[in-house]
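> Assemble the complex: chain A is given as a structure, and chains B and C must be docked to it using the hints.
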Amino acid sequence: MNKATTKLLTELRKDGDFNATACINCGTCTGLCPHGLDILPRELFRYVILGLEDKVEANIETIYSCLLCKMCEANCPGDVNITANIRTLRNYINRKHFKI
Amino acid sequence: MLNRRIGVFICHCGGNISDYVDVEEVRKSVENSPGVVLSKKHMFTCSDAAQTEMMKDVLDEKLDGLVIASCSPKLHLHTFRSMSERAGLNPYRYVQVNIREQCSWAHTDNMRGATKKAIALVEAGIAKSCLMPSLSTIRVETVPKALIIGAGIAGLRSALSLARLGIHAYLIEREEQPGGWVGNLGELFPQGKKGPSLIDSLLEQVRREEGITLFTGTELLEKSGNIGNFTVKLKTGQSDTISLNVGAIIVTTGFDTYAPQKTEYGFNDTNVITLAEYERCLQEGTGEIQYNGHTVKRVAYIYCVGSRQKTSESCPSPNTQCSRYCCTSAIHAAILTHKRDATVGQYHLYRDIRTYGKYELLYDEALNLGSIFLRFDAATPPTVHTDGQLRVNVHDTLTRGEEIEIDADLVVLVTGMVPRENKKLVNILKLPIGKDGFFNEIHPKLRPVETVIDGVFIAGTCQSPKTISESVASALSAVSKTAGLLKRGYVELEPLVAMVDADRCVWCDECTKACPYGAIQKVEHNGKEVAEIIPVLCKGEGACVPVCPKDALDVEGYTDHQITAMIDAFSKEMAK
Amino acid sequence: MLPTDISQELDYDICIVGAGIAGMESALNLGDMGYRVLLVEKEASIGGKMILLSKVFPTLDCASCISTPKMASAAHHPNVTIMVYSEIDEIERKENGTFGVQMHQKPTYVDPNACIGCGQCETACTVAIPDEFNFNLDARRVAHIPFPQAVPKKAILQRNGQSPCNHTCPAGVKPHGYTSLVRAGLHDAAFELHLETTPLIGSLSRACYAPCEKECTRGEFEGSVQIRAIKRFIADRYYELNSEPNYGPVKERKDKRIAIVGAGPAGLNAAFQLARKGYDVTIFEAEEKAGGTMQYGIPDVRLPKDVLERDIKNVTALGVSIRTNTKVESLEKLKQDGFDAVFLGLGCSRTRSKREESADGTTSVKTKAPGRVRSPNTTPFADEIKLAANGVIEINKTLQTSLPYVFAGGDAVTGPLTITAAIGQGNQAAYFIEQFLQGHPLNAADLKELECTDKLAVIAREARLSTRKPTKLLKRENVSKEEGRKAAKLPLTEEEARYSANRCLDCGNCSECHQCVSVCPSNAIDFSMQPIHHQIKVGSVIIATGFELFDAHRKPTFGFGKYPNVVTAMQMDRLLSPTRPFNSVLRPSDGKEPDNIAFVLCVGSRDSQVDHRLCSRVCCMYTAKQAQLIMGSLPLADVTIYYIDIRAFGKGYDEFYEQAKGMGVDFVHGKVADITESSEDEGNLVVRFENLTEGKIEKREHDLVVLSVGLLPNTSAQGMFRGTSIEADNFRYIKEMDEDMEPGVTSIDGVFVAGAANAARDIPDTILHSGAAAVQAAAYIENLKGLVC
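Here the protein sequences come in this chain order: A, B and C. Note that our numbering gives residue 100 to position 100 of the first sequence, counting from 1, and the numbers run on in steps of one. Note that our numbering gives residue 43 to position 43 of the second sequence, counting from 1, and the numbers run on in steps of one. Note that our numbering gives residue 117 to position 117 of the third sequence, counting from 1, and the numbers run on in steps of one.
If you're looking for bench data, these hints aren't it; they were derived computationally from the structure. Just so it is clear, CB atoms sit at the ideal spot from N, CA and C, and this is done for glycine as well. A hint or two may mislead.
Below are the DSBU-like pairs computed for lysine-lysine, each with C-alpha atoms no more than 30 Å apart in a straight line [unchecked claim]: (1) B/194 x C/735; (2) B/62 x B/233; (3) B/233 x B/522; (4) B/262 x A/3; (5) A/14 x B/233; (6) A/96 x B/262.
Stretch-level coverage of chain A by chain B, calculated; a stretch enters the list once three of its residues show a Cβ under 8 Å from a Cβ in chain B [claimed, not checked]: (7) 3-10; (8) 16-24; (9) 90-99.
Estimated spans, in silico, between C-beta atoms of each pair [said to hold, decoys possible]: (10) B/34 x C/534: 49 to 59 Å; (11) C/254 x B/136: 27 to 37 Å; (12) A/5 x B/200: 39 to 49 Å; (13) A/54 x C/659: 39 to 49 Å; (14) C/719 x B/133: 56 to 66 Å; (15) B/136 x C/451: 53 to 63 Å; (16) C/658 x A/5: 50 to 60 Å; (17) C/499 x A/84: 44 to 54 Å; (18) C/694 x A/97: 26 to 36 Å; (19) B/237 x C/100: 50 to 60 Å; (20) C/534 x A/84: 23 to 33 Å.
Just chain A, with the same shape it has in the complex (with noise of 0.2 Å):
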């Protein structure tokens, strides 16, 4: 059971812009990845959305397997800007997981 907050967005937030507000969890980016990964990128940001962020520092191998190819962005209905928002992502691990 998680509750439901902002605070990790807000958090992020710090790191760079994050916006996935547009995203109408259609699956279409996580459909065409490359990797194949079943969180990424979909999921992955209704994590951060939902504020579950334990759930973001299990996957963090996931985050950092993007290859930014924009195979997901260019084809998103919703127009979120995804590599922007994992390259936030990556930073806020950067800050608060790997201390760099």
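This is chains B and C only, laid out in the frame that chain A set:
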């Protein structure tokens, strides 16, 4: 009978009939029946091309009777009657035989049986056609006035449009204050108008308009008469009544909102409210939103409350309909909330987001303003906990069913529209009610504002859930049908009414008791009292026929002679 | 103030643009109210998109069953007039609030009063084009009846300009026509078609410079159609089988006599055309033999004289007498001899270069005269008719000389040109001579033909039809070098001719092969039809132009156009409809009945990437409908629907959705990300998507994929208004200025909008909206009448 020239046409109905009935066999079987000079088949008898061919056959073959075996007369009786008229054949000499709903569609698993039955039905139709005389419609002058029941947005708008077309509108409203729901709503989507000011401006126009008479605190007591010329009795105030003559009636009595049960989603808690209540709350004040004495910083919306329900123990007679307006309305409320106080966190728990068409832009706007949407499956709805901090738990299908808990200051139940109870009105007007409890139209696709009661139209949310602009379009559509009916100055009624053989009648009064339309009166004929039919009131229902001890009554188009001939023809064929 | 009965001045009270369900519903409503309605439709039949559907949701009524009576009612309503195959050019709002509508009826090339809708022309037509009513699933003929329930049920010839080859031929020959006939194996008919224009078929097949081949659009691909070689095949074959023409002089004679001076191509052709009309024609030829340039100017190796002679027999068989060795020097004398009209086909004669002896007589040198000078043989007539400085005859636009009864054509008029051009002038002159003899005014515009097809559009179209593989140019195999050199001169075999003819792209659609003309029992085909322009005064306008479907090619990830078994929902609806192109639901690649069908929702809707973030409103429902119909007609099939949200919001809609689920349709939450072809099962497709319920990426194989395409605005009405434009919203739909309270009211006072022209709508909402628009228009008219202030 042998001197008749009847043409028979069998329809394939594009496969709807011919997939289950051997149309060629039917055609061949009746080719040489007594009275028949022509037997043909068509892919779609209702199409213009087929009608042109049939008309040509009527002229070339000098047909004096027509039998078309196709679908239900409910669909094309008038189509083929007009066609007959255009061909110079009296429209009542055309007989429709239903071999689709009553044959092909009912026996999709038995082609031989269905074909035999179709032949029998057509033979019966031919037998009837041999006995059908030429008839003329009954012409009735119409009154260029209409009664509109319910002065909500649909009623007000129809009144204005009717008046602009030169038809006087009597607009009655049960409450003291007209305006319906819209009068109590705040900012409306999608143009941001305010409900009360919208109603005020409409009312101002209504009051200025000479062609509209508005009665508030008024109800309908009685309706009598016929299409084009009804007499309606209204109760205004405590005990006053007033009688009016109108040509048509438009029902715009609106909807009710679903009232959640106390146990539903914690509705007994004061901070669990309906969308309507939340909207009212949003109208008050500026800046931070206050409810029940506390500031609202977190709102959780639960969608589909009271709509799209399934049968269950707690819900034995479910509201299966989607209420259409609520997804957009809730999302709009979220946008208004955000505009008022951008720090409010809003969570929407939904099954499907139904912001159709242009309303999708509102969904996009709400998303971009920060509303968060979680999806649940109907089988595992969210649970509301009212002990301690108000919170909602949901299994979010968008994160593989992860259980998310949301702390809230307010839980808003997005309630749907349900039909408004009005047994009295339903009885007076004999309004048909559909499976979903809303008033029933003749055909949901092509005739959404007309009912089977001649001259009575339905518009707005009393027919089905709608948004405001949809209600207005519906209201104007009803005005369109009303104007089409009344602007000509007369209507033509069916001549298939009852007839009395005055010589046989001994005035025993049994028939008047049987007639629900009051269409029989006593008159003098050759020194004795006999019954007489009032044609404009008679519906040709036939309840009077069997109760007459002297066999003095018959219904034109369904005479004993005709029915007997039909039964004989049918059974003869089935016995083969 | 306005005159109280402005309606007296109006032709119609309301003009409705578009006769789909919205247009028809508004028309019927207004007609019932007593207003006079003009309903204008750009297609050849009313009915819009609805008549093309199979069944409609949520009642599953057969779409034809419920729309044909509306169509028939609209067609027969005493207050409604319908104009089909017509387009609005411009609408102007007048100061008094009424509207001037300029429109034209496009020529159908079939007289609607004569046409009985029998369909013979369709059977006889030799050109097949993709059928747009079946969304390119199959082909239909150019001469056709739009569909069986068309209202009105009349044939039309859907021409796309005149094919470049037909357009460019100076002689007026229809190469597309005879090529199409050869393609169909109708070689005799090909000869007869050519004969309609000229008897000199054999000669042209050797000596024509073939401008048609230069214009041939196929030339932009691998190479032109070998039109002249096909002509040669036609001529040689026919002459092989028929050493004499199989006709004689025309029985019905006209009592006028015509003299033709010069038996060259111009003169022979003029003689042929006039003799066919029954005139008495005599040709006077100064030389020993007939033929002009063809006889004396072209060597035998190029144009064998026996071919020329056989061609000339085509003329003489009509009773034309050719008096060779007879020089005419006086036009006045011809008149005195009883000729009512004269055609001068005098040609030009050649002057050879001279050899000059040198002064001492030892050598001879060719003079540097400019080659073989050709000068018109017009000198004898210099004082009877006006000549230009260089000796050519001066004529007006109808080929008439300064003497009214004398016409002229060919080299003597144009200067040295081509045989083909001369033939053309002979034909034209024959037409004007007949007009002259009948006492009609001479009008050059009579011979105007359709403008040329847009070749670029044809090239683009061919590129789009990616399933058409280009055919190679005809090559002869196993031939020796010697024979190879001769190959260009050898005639084609029948197989080669048909192969060659099959490369034709049918640029202008109609080939003008005239097969329809020959079979029509009512003589209804009329190639001379021109657009008919109308200026109409109306009180108000309703725009009901409907919607466009999203073009699925714009989403290349779904493979439409690349994989044959990816179809659009409209194609699927056609496959399911009672007027379907095939007997059951088949998949395009191999005609197999599919048993595992996928539907992809939100194709082109809710999608910023194609600039259409809106929801199209009807796709969830029509998909559920198609799914139910498929489960009915293919009971063993599996149907899967991939979605983001299911929008079943109307009356009875959610119940319909539940019903589909109950029938076993698999609704999968997750939009399809992309589609590829299966590497194992031929023609099958693999869809890849995130299964949101499971939270996993999945691939599933299907044998047919249907793309549920969205609705886009039809923007054609927006340029219609003179001096102003009708306001569109951000999505290019026609905007309602107050959509809450005033449905149908646009930015132009008196112009209303109904149905999908204003926003994507389903049929029930369209009916309501159209009723509302009708009432708005009615109120506007009442205002004009001044009855209600």
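> If a hint holds in the structure, say so; if it doesn't, say that too.
Now the hints, each set against the structure:
1. Only pairs whose Cα atoms come within 30 Å are accepted, and residue 194 of chain B paired with residue 735 of chain C is accepted, the gap being roughly 21 Å.
2. Distance check on the hinted pair: residue 62 of chain B and residue 233 of chain B sit about 51 Å apart at the alpha-carbon level, beyond 30 Å; violated.
3. For the hint pairing residue 233 of chain B with residue 522 of chain B, the CA-to-CA distance comes to about 25 Å; that is within 30 Å, so the pair holds.
4. Between residue 262 of chain B and residue 3 of chain A the CA atoms are separated by roughly 26 Å; this keeps the pair inside 30 Å, and the hint holds.
5. Between residue 14 of chain A and residue 233 of chain B the CA atoms are separated by roughly 72 Å; this puts the pair beyond 30 Å, and the hint is violated.
6. With a C-alpha separation of about 46 Å, the suggested pair residue 96 of chain A and residue 262 of chain B falls outside the 30 Å cut-off, and the hint is violated.
7. Counting residues of the stretch 3-10 of chain A whose beta-carbon sits less than 8 Å from any beta-carbon of chain B gives 3, enough to reach three: the coverage restraint holds.
8. Given a C-beta distance limit of less than 8 Å, the hint that chain B covers the stretch 16-24 of chain A holds, as 4 residues qualify and 3 suffice.
9. Beta-carbon proximity to chain B at under 8 Å applies to 0 residues in the stretch 90-99 of chain A; the threshold of 3 is not reached and the given coverage is violated.
10. A C-beta distance of roughly 53 Å is found between residue 34 of chain B and residue 534 of chain C, which places it inside the suggested range of 49 to 59 Å.
11. Our hint of 27 to 37 Å for residue 254 of chain C and residue 136 of chain B is violated, since their Cβ atoms are close to 59 Å apart.
12. Between residue 5 of chain A and residue 200 of chain B, the C-beta spacing of about 44 Å keeps the proposed range 39 to 49 Å intact.
13. Between residue 54 of chain A and residue 659 of chain C the CB atoms are about 43 Å apart, so this pair conforms to the stated range of 39 to 49 Å.
14. Between residue 719 of chain C and residue 133 of chain B the Cβ separation comes to about 58 Å, which falls inside the hinted range of 56 to 66 Å.
15. Taking 53 to 63 Å as the suggested C-beta distance range, the pair residue 136 of chain B and residue 451 of chain C conforms, at roughly 56 Å.
16. Our hint of 50 to 60 Å for residue 658 of chain C and residue 5 of chain A is violated, since their Cβ atoms are close to 36 Å apart.
17. Range check, residue 499 of chain C to residue 84 of chain A: about 59 Å between beta-carbon atoms, so the 44 to 54 Å window is missed.
18. As the Cβ distance of residue 694 of chain C to residue 97 of chain A is approximately 29 Å, the hint placing it in 26 to 36 Å holds.
19. The hint said 50 to 60 Å for the Cβ distance between residue 237 of chain B and residue 100 of chain C, and at roughly 54 Å that hint holds.
20. The hinted range of 23 to 33 Å is not satisfied by residue 534 of chain C and residue 84 of chain A, whose Cβ atoms lie roughly 58 Å apart.
In terms of the numbered hints stated before, the structure departs from hints 2, 5, 6, 9, 11, 16, 17 and 20, listed from lowest to highest.
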